[in-house]
Structure formats: structure tokens, C-alpha cells
Amino acid sequence: GENVEQHPSTLSVQEGDSAVIKCTYSDSASNYFPWYKQELGKRPQLIIDIRSNVGEKKDQRIAVTLNKTAKHFSLHITETQPEDSAVYFCAASKNPSGTYKYIFGTGTRLKVLA
Amino acid sequence: EADIYQTPRYLVIGTGKKITLECSQTMGHDKMYWYQQDPGMELHLIHYSYGVNSTEKGDLSSESTVSRIRTEHFPLTLESARPSHTSQYLCASNGQVSYNEQFFGPGTRLTVL
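Those protein sequences? They're chains A and B, same order as listed. Using the numbering used here, the first residue of the first sequence is number 29, and each one after it goes up by one. Using the numbering used here, the first residue of the second sequence is number 66, and each one after it goes up by one.
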């Protein structure tokens with residue numbers, strides 16, 4: 029069935045360093061890839077997304093890259109800060125003509141050490 | 066304010082009780098979802114709906130049921146709660162306007178004794 033693998037499951041970085049989280053999806057028809065951040069005790073919130081017609085998207089300190097051939101996409105956080113500490117989820121879906129549900133990755137717990 | 070609401074936020078009940086978790090959104094979204102999540106762990110899709118009178122089971126087997134009689138309302142019911150149902154339940158919705166972004170509610174933390 030459809031599947032999204034996410035690595036690593038935990039990641040610790042020093043404040044100011046970069047963090048990279050990687051996801052691989054199985055359904056080649058997937059065309060929308062969001063990233064969610066979930067802080068402790070809070071709801072998941074979208075931080076950045078990318079569509080299959082784009083290879084890279086950047087928003088301040090975060091960026092996402094997509095390699096459709098390899099069915100692989102990654103989240104990059106530069107100049108990490110303690111407030112970046114959270115669980116990050118990647119997801120894949122098919123939109124608009126396919127199913128709208130997300131296939132989520134298993135999550136990455138990022139800890140930024142001050 | 067356009068948002069997605071869940072009640073109750075916390076619920077502690079005894080085994081065998083029937084419960085309904087409420088979810089309402091004021092964003093005019095046609096698609097709604099229920100996820101089960103242990104704190105900080107994977108998000109498991111248990112039910113979803115693409116419109117009124119349309120419901121589907123998700124990827125995780127669940128003993129719960131849902132209904133979608135009104136666009137804005139998507140309640141989840143457990144007929145007989147068990148300790149294995151202890152978890153957090155997150156409701157989400159999306160529509161056509163923002164491509165496909167799903168907006169999540171604040172969640173209901175359920176404990177079954």
C-alpha cells in the first residue's frame with residue numbers, strides 16, 4: 029500500500045547548526061508534500077509545503093526539496109533555534125483529482141541544544 | 066473566527082461507557098478527518114469524510130464510528146470504551162481554497178480507566 033518513510037526518528041543539533049529530515053514516498057502519483065510541526069501539547073501546524081511541479085521551496089530559515097525521480101523529499105532548517113524543537117511530520121497526498129487524505133511519515137523529534 | 070474546534074479537550078471515563086467526541090469547523094471545508102495519536106508519536110488516520118453522508122474507514126483499524134450529517138460537524142463515537150482506546154484524538158479538515166492544507170483541531174485527550 030501507500031507508504032511514507034521518514035528519517036531520522038530523533039535528531040539533536042546544536043543551536044545555530046542545520047537540521048535535515050528526509051522522507052521517501054511510494055506512490056508515484058503523489059503530487060503534494062506538506063511538512064507539519066507539532067510542539068509539545070499542541071496541534072500539528074503546516075510550516076511549508078511543495079507541489080510536484082516544483083523542485084525546491086524556501087521560506088526564511090526553512091526549505092523543502094523534492095526529487096520526483098527518486099520519490100524523495102527533505103526538510104532543511106538552517107540556523108536552528110531552541111524554539112525549533114518539536115516533532116516534525118512529512119506527508120504525501122494526491123490532489124486534486126486523487127484522494128485528499130495524507131499519508132504521514134512516522135515523525136522526527138528534533139531537539140535543538142542551547 | 067474561522068477555526069476547527071474539538072470538545073471535550075480532556076475526558077476520563079470508565080470501561081464500557083459510550084462516548085462521543087465532537088468536532089466542528091467554521092471554515093466551510095468539505096473534507097474532514099479523525100486521527101489517533103499517542104503524544105508525540107505517529108498520526109494514524111482512523112476515519113475520513115469527503116462530504117455530507119460520505120464516510121470512510123482509515124488506515125488504522127478502529128472500533129469507533131463517525132457520521133457526517135452536516136458539513137461543519139464530524140463526531141466520532143465509541144460505543145464501549147476500553148483502556149486500549151486511551152490516546153489523543155485529532156480532528157482535521159481541508160477544502161479546495163488552500164490547495165490541500167489540512168488544518169488540525171486542538172485534540173481530545175481520552176483516558177479510559
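Simulated from the structure, these hints should not be mistaken for lab results. Here a beta-carbon is modelled for each residue, glycine too, at the ideal position from N, C-alpha and C. Watch out, some of these pointers could steer you wrong.
Said to hold, decoys possible - Distance ranges between label pairs, derived from CB positions: (1) 147/B with 43/A: 42 to 50 Å; (2) 54/A with 121/B: 43 to 51 Å; (3) 145/B with 30/A: 26 to 34 Å; (4) 68/B with 36/A: 43 to 51 Å; (5) 35/A with 144/B: 37 to 45 Å; (6) 66/B with 31/A: 32 to 40 Å; (7) 54/A with 75/B: 35 to 43 Å.
Stated by the list, open to error - Here are the simulated SDA-like cross-link-like pairs (lysine to any residue), alpha carbons at most 20 Å apart as the crow flies: (8) 70/A with 127/B; (9) 65/A with 110/B; (10) 65/A with 121/B.
Status of the given 43 to 51 Å range, CB of residue 121/B versus CB of residue 54/A: 20 Å Cβ-Cβ, so the 43 to 51 Å window is violated.
Verdict for residue 35/A, residue 144/B (Cβ pair) under range 37 to 45 Å: Holds: the Cβ-Cβ distance is about 39 Å, inside 37 to 45 Å.
42 to 50 Å as the expected CB spacing between residue 43/A and residue 147/B, which holds or is violated: holds (44 Å)
Satisfaction of hint between residue 121/B and residue 65/A, Cα-Cα up to 20 Å: Roughly 26 Å between the alpha carbons, so the hint for residue 65/A and residue 121/B is violated.
Residue 75/B and residue 54/A - C-beta distance against the hinted 35 to 43 Å: Given range 35 to 43 Å: holds, Cβ gap about 37 Å.
C-beta pair residue 66/B, residue 31/A: status relative to the range 32 to 40 Å that was hinted: holds (37 Å)
Cβ distance range 43 to 51 Å for residue 68/B and residue 36/A, holds or violated: violated (33 Å)
Distance restraint between residue 70/A and residue 127/B, which requires alpha-carbon spacing of 20 Å or less: Between residue 70/A and residue 127/B the Cα gap is close to 23 Å, so the pair fails against 20 Å, i.e. violated.
CB-CB spacing for residue 30/A and residue 145/B relative to the 26 to 34 Å hint: For residue 30/A against residue 145/B, whose Cβ atoms are near 31 Å apart, the range 26 to 34 Å holds.
Pair hint outcome, residue 65/A versus residue 110/B [Cα-Cα no greater than 20 Å]: Given pair residue 65/A, residue 110/B holds - Cα atoms ~17 Å apart, limit 20 Å.
The earlier numbered hints that this structure contradicts are 2, 4, 8 and 10.
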